[in-house]
Amino acid sequence: MKQLMSFIRKEFYHILRDRTTIMILLLMPIIQIILFGFALTTEVKDTKVAVLAPTNDEVSTRIIEKINASAYFHVVEKIHNTVEIQKVFRDSKAKLVVVFEDHFSEKLHHTGKAHIQLIADATDPNAATSFTFYASNIIASYQQELMADSKNPYQIIPEVKMLYNPQMVGAFNFVPGVLGMILILICAMMTSIAIVREKEMGTMEILLVSPMKPIYIILSKITPYFVLSCVNFTTTILLSVFVLKVPIVGSLASLILVSLLYIFLSLSVGLLVSTLTDSQQAAMLISGMGFMIPVMMLSGMIFPIENMPVALQWLSNIVPARWYISAVKAIMIEGLGITSVLKEVAIMILMIVVLITISLKKFKIRLE
Amino acid sequence: MNDTNKYNRDKVIIAENLTKKFGHFTAVDNISFEVEKGEIFGFLGANGAGKTTAMRMLCGLSIPTSGKGTVAGYDISSQTELVKKNIGYMSQKFSLYDDLKVWENIELFAGIYGMKEKEIKVKTDELMEILNFEDERDKLVGSLPLGFKQKLAFSVSIFHNPKVVFLDEPTGGVDPITRRQFWELIYDATTRGITVFVTTHYMDEAEYCNRVSIMVDGRIEALDSPKNLKKQFNAINMDEVFQQLARESTRKAD
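Protein chains in written order, with the working numbering: chain S, 13 to 380; chain D, -11 to 242.
Bear in mind the hints are in silico, worked out from the structure with no lab data behind them.
Note that the Cβ used here is the ideal one computed from N, Cα and C, for glycine as well.
Heads up, a few of these hints could be off.
Covered stretches of chain S (chain D as the covering partner; in silico rule of three or more C-beta atoms under 8 Å from a C-beta of chain D) [said to hold, decoys possible]:
| no. | segment |
| --- | --- |
| 1 | 112 to 121 |
| 2 | 218 to 225 |
For lysine-lysine, the following PhoX-like pairs were computed, each having C-alpha atoms within a straight-line distance of at most 25 Å [unchecked claim]:
| no. | chain 1 | residue 1 | chain 2 | residue 2 |
| --- | --- | --- | --- | --- |
| 3 | S | K225 | D | K127 |
| 4 | S | K125 | S | K105 |
| 5 | D | K111 | D | K89 |
| 6 | S | K211 | D | K81 |
| 7 | S | K373 | D | K9 |
| 8 | D | K73 | D | K127 |
| 9 | D | K137 | S | K211 |
| 10 | S | K14 | D | K56 |
| 11 | S | K105 | S | K225 |
| 12 | S | K14 | D | K9 |
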């Protein structure tokens, strides 16, 4: 035990003495969250709107005027049938199409109920959420006006439809994404570099000749990065909750549990990388190119997995972060319980088992 | 076990027909030798002759394909953990951490070998005085000159008082004066009863050893004191002895 303690202490010295690296590692999640958080929030101003009003009646005209009058929207086109909706979006003529149902005015006056559909181009999901929200508000305030003028209860029901990105993947997606990326960076890349550095410096030989058990060496290498990962996880979550106001809808405990699992998974990735290579550069390249970039490209952090070509969708299955991000999204944003992410949890556990098995096998071969 | 221990009391290293094969390649071919307590045993050979593999087997890092051996009384095939506890090791790469301070390095390795904190403290003070290192105690090892590092690395490798210390080309790249000082430390260690097993390719260093073995193509081709070897090969110095033997090599150096 004392052996292990003196070794873990040494690992902390290594990390703390390297000021630049530790600063980068601690600040990176903060900077990324703030960058992604504020850079991706789009000001909704003068959003182009197309209108489909089959019956040109009084109420629909009033609503169109209201929308056009607001600073957020600019009605650019009137279309005449539903086929044109696709065309409007495809030609980027408008971001939002407001569709009134047939005989809108008449229905509202006779039945007290009428429907409006707000069809949004949700390729930029943040913006789409904001402007459909504004549009709904404008419609609601008009409804209030109508109600004030007459005794009849009027109800205009806006129906929001997001095109191209129906599940709104990407909305608060960057928080799980940044978590997925930071954790794999620290755990996989830094751990593998730390282990390989010992090989490169020749100190690994001394450790292997010493009575220190190989499992202790690995444990003590992992410990500081585990601690660092927990710190980063905490700062990321605090920032996203208090600065970006991304709420944790589900249970914090499940979120922590899933994250710990992912940290272990990333650590075993780092372990495997370190057994595959002998130089720090190679370790950095393998974990950088092999894990960081797939995490960004294939995990659904930037590009929604549903929109990828089938081959890439298939490939994304082997990216650990994909499962983590999907689990975090389910818990943090959709508010689902741990039972609904059992598939993700099971896959991550399976990955850990496979990775550890391969690493241990490789490690033994190296000793021979 | 006790019986064999008593019987081999003064034989700290025994190798009997040690062989290591990697597939069809025989890295170490049937070598046998004994090293006595307090002896400085030189282990010579060209690159690729099998020195490192033989040394790895004696350190418990690699299990022999056939043959057997004991180090400090423990079997190198079945008691590797006990072997490791009783040996020290220093390689040509120095084996210290550049970003740790002098005393932190000492504390780390002493801790790995399970020494008590109090003992570590006392012995560290002692060592700093012997090496004249009092001013360097709080410096990072990376800032020390090469010769200092080597002396420190050797002192650390015998800090836990091992029965045998294995030195793998410990003096590569240092000037003759520092090398001379380094050997004084080695002699000093033997007076404390530590056996020294050293590989080197400086032939002047081979002269400092009590006995020298020379490996060619995985086999030990010569083993005796430097004086007898020179007589046997009719050579004026160890370099000549080595050249004569190395010429027979058919294996390509790596």
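Problem set entry | Given hint D:K9 paired with S:K373 - CA-CA distance at most 25 Å | holds, 20 Å
For this session: With a cut-off of 25 Å on the C-alpha distance, tell me whether S:K125 and S:K105 pass.
Result: Violated, at roughly 30 Å.
Exercise. Are the Cα atoms of D:K73 and D:K127 separated by 25 Å or less?
Worked result: Outside the cut-off at roughly 29 Å; violated.
Exercise. Has the given pair, S:K211 with D:K81, been kept, meaning a C-alpha gap of at most 25 Å?
Worked result: Given that 25 Å is the threshold and the Cα spacing comes to 11 Å, the pair holds.
For this session: Report holds or violated for chain D covering the segment 112 to 121 of chain S, Cβ cut-off 8 Å, minimum 3 residues.
Result: Three-residue rule not met by the segment 112 to 121 of chain S, so violated; n is 0.
Exercise. Given the hint that S:K14 pairs with D:K9, does the C-alpha gap stay at or below 25 Å?
Worked result: violated, 37 Å
Exercise. Under the criterion that the straight-line Cα-Cα distance not exceed 25 Å, is the pair D:K137, S:K211 satisfied?
Worked result: This hinted pair holds, its Cα atoms lying about 19 Å apart.
Exercise. Going straight from one Cα to the other, do S:K105 and S:K225 come out at no more than 25 Å?
Worked result: violated, 67 Å
Problem set entry | D:K111 paired with D:K89 [C-alpha distance capped at 25 Å] | It holds: about 16 Å lies between the C-alpha atoms, which stays within 25 Å.
Exercise. Do three or more residues of the segment 218 to 225 of chain S come closer than 8 Å to chain D, measuring C-beta to C-beta?
Worked result: holds (count 7)
For this session: Starting from S:K14, check that the Cα of D:K56 is at most 25 Å away, please.
Result: violated, 33 Å
Exercise. Do the alpha carbons of S:K225 and D:K127 lie within 25 Å of each other, as the hint requires?
Worked result: violated, 29 Å
Of the hints listed earlier, those the structure fails to meet are numbers 1, 3, 4, 8, 10, 11 and 12, in rising order.
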